[in-house]
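Undergrad: If you want the building blocks of each chain, they are given just below.
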Amino acid sequence: MSVYEKTFTLKDEDHTMGNSVRYMLNKNPQVSLAGYSVPHPMERSVNVRVQTTGEVTATAAMRDALLDIISVCDHVHDTFDTKVAEFKAKTPAPMEADKK
Amino acid sequence: MGKKAGAKGGADDAAGASAAAGADAGAAAPAGTSRYRPDMSEVKAELERQRKFVTCAADENKHTTEYAYSGAYNSVGIDNTFTMEGFRDAFRLEVTALDVDKVEFEMQGISPAIANAFRRILIAEVPTMAIEKVFIVNNTCIVQDEVFAHRLGLVPIRADPRLFEYRSESEAPSERNTIVFKMHVKCVRETTANGTRGALINEMVYSNSLQWLPLGSELPPDEEVKFSSFTQSQADFLKQANVEATSAAGGVALKSSGDVDTISTVHDDILLAKMVAGQEIELEAHCIKGQGKEHAKWSPVGTAWYAMVPQVELLAPVTGADADVFMEACANFSETHGCYVCEGVGAARAVRVAKERGCAMCLERVRTLSGEPGWGEKIRVLKKKDHFIFTVEGTGQLPPEELFKEAVKVLASKCQSVLSTL
Chain A
99 MSVYEKTFTL KDEDHTMGNS VRYMLNKNPQ VSLAGYSVPH PMERSVNVRV
149 QTTGEVTATA AMRDALLDII SVCDHVHDTF DTKVAEFKAK TPAPMEADKK
Chain B
6 MGKKAGAKGG ADDAAGASAA AGADAGAAAP AGTSRYRPDM SEVKAELERQ
56 RKFVTCAADE NKHTTEYAYS GAYNSVGIDN TFTMEGFRDA FRLEVTALDV
106 DKVEFEMQGI SPAIANAFRR ILIAEVPTMA IEKVFIVNNT CIVQDEVFAH
156 RLGLVPIRAD PRLFEYRSES EAPSERNTIV FKMHVKCVRE TTANGTRGAL
206 INEMVYSNSL QWLPLGSELP PDEEVKFSSF TQSQADFLKQ ANVEATSAAG
256 GVALKSSGDV DTISTVHDDI LLAKMVAGQE IELEAHCIKG QGKEHAKWSP
306 VGTAWYAMVP QVELLAPVTG ADADVFMEAC ANFSETHGCY VCEGVGAARA
356 VRVAKERGCA MCLERVRTLS GEPGWGEKIR VLKKKDHFIF TVEGTGQLPP
406 EELFKEAVKV LASKCQSVLS TL
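Quick mapping for you: the protein sequence lines, in order, are chains A and B.
With positions in the first sequence counted from 1, the corresponding number in my numbering is that position plus 98.
With positions in the second sequence counted from 1, the corresponding number in my numbering is that position plus 5.
Keep in mind that the hints were calculated from the coordinates and are not lab data.
Idealized CB from N, CA, C, for every residue including glycine.
Check each hint, because a few of them may be wrong.
[To be verified] Derived DSS-like pairs (lysine-lysine); straight-line CA-CA distance at most 30 Å:
no., chain 1, residue 1, chain 2, residue 2
1, A, Lys-188, B, Lys-260
2, B, Lys-107, B, Lys-231
3, A, Lys-181, B, Lys-279
4, A, Lys-104, B, Lys-298
5, A, Lys-181, B, Lys-191
6, B, Lys-107, B, Lys-414
7, B, Lys-360, A, Lys-188
8, B, Lys-414, B, Lys-298
9, B, Lys-389, B, Lys-414
[Claimed, not checked] In silico negatives: residues of chain A with every beta carbon more than 12 Å from chain B:
no., residue
10, Tyr-102
11, Asn-126
12, Pro-137
13, His-138
14, Arg-147
15, Gly-152
16, Asp-166
17, His-175
[Said to hold, decoys possible] A few chain A residues that face chain B, going by a derived Cβ cut-off under 10 Å, partial list only:
no., residue
18, Val-101
19, Val-119
20, Thr-157
21, Arg-161
22, Ala-163
23, Thr-177
24, Thr-180
25, Lys-186
Input sequences plus hints: build the corresponding full structure.
TA: Written out as structure tokens, the structure reads:
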């Protein structure tokens with residue numbers, strides 16, 4: 099058993115999490131292998147495999163990837179909010195539809 | 006991998022050869038040499054193009070993979086690592102259209118993995134309220150109980166799901182987790198003054214027959230089990246919950262598509278059943294919070310989708326007879342189509358791309374033409390791998406811009422819950 103190689107099983111998740119986490123793990127230069135699989139399509143579970151170069155533990159790499167996704171989400175959320183407000187400010191609001 | 010190794014091996018030779026070849030794009034070997042030496046800058050440009058764009062060839066899409074591995078492009082000196090600063094610099098978002106039920110925006114600098122995660126969450130994991138349990142007191146119309154209940158479930162309910170809690174099977178229905186609607190419709194035939202057959206009243210049962218009951222169920226308790234236990238009027242609860250949510254969000258009011266303290270169906274005119282004189286429907290419907298992955302009735306979007314931004318490229322000037330062929334095949338099918346213009350006269354007439362993105366009508370034509378012999382070197386359709394046009398069509402439960410924000414929050418909270426178990 100090595101702390102540098104782990105398979106994480108995420109229960110009640112599917113490709114939505116699996117692919118996002120796999121992508122972010124791969125982007126980490128201290129990760130030598132990252133992949134995911136859905137063992138059976140009728141069972142809601144994802145296996146995420148992480149192998150690191152030995153500079154960090156697999157759990158630390160996983161944690162970093164998840165934190166990065168959260169940061170990306172926060173940035174996208176804030177940017178979207180700002181841009182929607184900007185768009186609404188420059189286009190006059192359409193007339194309210196008649197309520198029946 | 007082999008291609009990259011080959012390119013690296015040829016680097017030293019090519020440096021000398023390209024200096025000699027000069028303006029000649031490296032295709033012709035300089036006199037005295039017998040080996041084709043590629044121009045490294047051309048190779049690098051080509052690899053860069055394959056990294057950034059999907060080539061839409063006539064037979065298939067090429068170079069579709071996004072290589073996420075941080076060291077994928079080390080041999081050409083590009084660091085593929087993710088950094089938050091790099092992401093913030095590269096990420097761009099512009100809203101192009103915003104309507105009461107649709108939002109369209111463009112995102113650049115984000116990976117398809119994350120964009121797809123947002124799309125999947127929009128369809129399946131943003132919760133809404135929908136009718137789940139239907140207590141039928143009387144149904145003499147031709148539509149069977151279960152079919153009618155199924156149709157009721159699909160009716161979109163205008164209620165902000167963020168103010169409600171999930172309800173488990175064992176929990177009692179309360180104003181925090183259940184919305185109660187009542188429907189009592191009877192179809193009768195009018196008798197006119199002189200006794201002839203009049204019109205049918207309530208022949209059609211529309212979704213406006215669903216009346217919201219803010220005080221809870223009106224059904225008499227069945228064997229000491231109450232159908233709902235509301236401790237306060239749901240209108241009051243909603244007002245309170247909205248105030249709490251607003252203060253939790255730091256003073257920013259929750260945007261919903263309607264008044265905060267009334268609940269109704271989104272559309273008044275959904276036809277649910279047809280009746281004939283003498284038939285009656287009396288029922289109570291309870292809504293609970295759920296997600297699209299359990300049943301599509303809880304999906305908040307008509308649908309949500311994204312497309313990569315396309316680009317039509319002229320690799321070489323398309324002139325003369327070629328220009329005619331191109332315009333005939335890709336541009337002249339409609340009078341109003343303005344993506345390509347043929348400028349000039351005689352042998353020098355050339356095609357100019359007026360709209361680089363093309364349009365839904367001409368993109369496929371250009372792609373097909375690029376597969377014809379000789380045309381592959383002249384025109385090309387590309388799609389940028391990290392630039393998406395996102396469209397979200399809501400069903401009215403939440404404004405579409407709120408829907409996307411909720412989806413982003415859901416992805417963040419999923420990651421948070423995994424983090425908490427590590």
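Undergrad: Determine for every hint whether it applies to the structure shown.
TA: Structure-based check of all given hints:
1. Lys-188/A x Lys-260/B: holds, 19 Å
2. Lys-107/B x Lys-231/B: violated, 41 Å
3. Lys-181/A x Lys-279/B: Given that 30 Å is the threshold and the Cα spacing comes to 46 Å, the pair is violated.
4. Lys-104/A x Lys-298/B: Satisfied, since the Cα-Cα distance of roughly 29 Å is no more than 30 Å.
5. Lys-181/A x Lys-191/B: Roughly 50 Å separates the two Cα atoms, so the pair is violated.
6. Lys-107/B x Lys-414/B: The hint holds at about 19 Å.
7. Lys-360/B x Lys-188/A: holds, 25 Å
8. Lys-414/B x Lys-298/B: Measuring from Cα to Cα gives roughly 17 Å; hence the hint holds.
9. Lys-389/B x Lys-414/B: holds, 26 Å
10. Tyr-102: holds, 15 Å
11. Asn-126: Asn-126/A not clear of chain B: closest Cβ-Cβ about 6 Å, inside 12 Å.
12. Pro-137: holds, 17 Å
13. His-138: holds, 16 Å
14. Arg-147: holds, 14 Å
15. Gly-152: It holds; Gly-152/A is separated from chain B by about 15 Å at its closest Cβ, greater than 12 Å.
16. Asp-166: Since the minimum Cβ distance to chain B is about 6 Å, Asp-166/A lies within 12 Å and the statement is violated.
17. His-175: violated, 5 Å
18. Val-101: violated, 13 Å
19. Val-119: holds, 8 Å
20. Thr-157: With a closest approach of 6 Å, the Thr-157/A hint holds.
21. Arg-161: This hint holds: Arg-161/A lies near chain B, its Cβ roughly 6 Å from the closest one there, short of 10 Å.
22. Ala-163: Given a least distance of 9 Å, the restraint on Ala-163/A holds.
23. Thr-177: holds, 5 Å
24. Thr-180: Nearest chain B Cβ about 9 Å off; hint holds.
25. Lys-186: holds, 7 Å
The structure fails hints 2, 3, 5, 11, 16, 17 and 18 (numbered hints given earlier, in ascending order).
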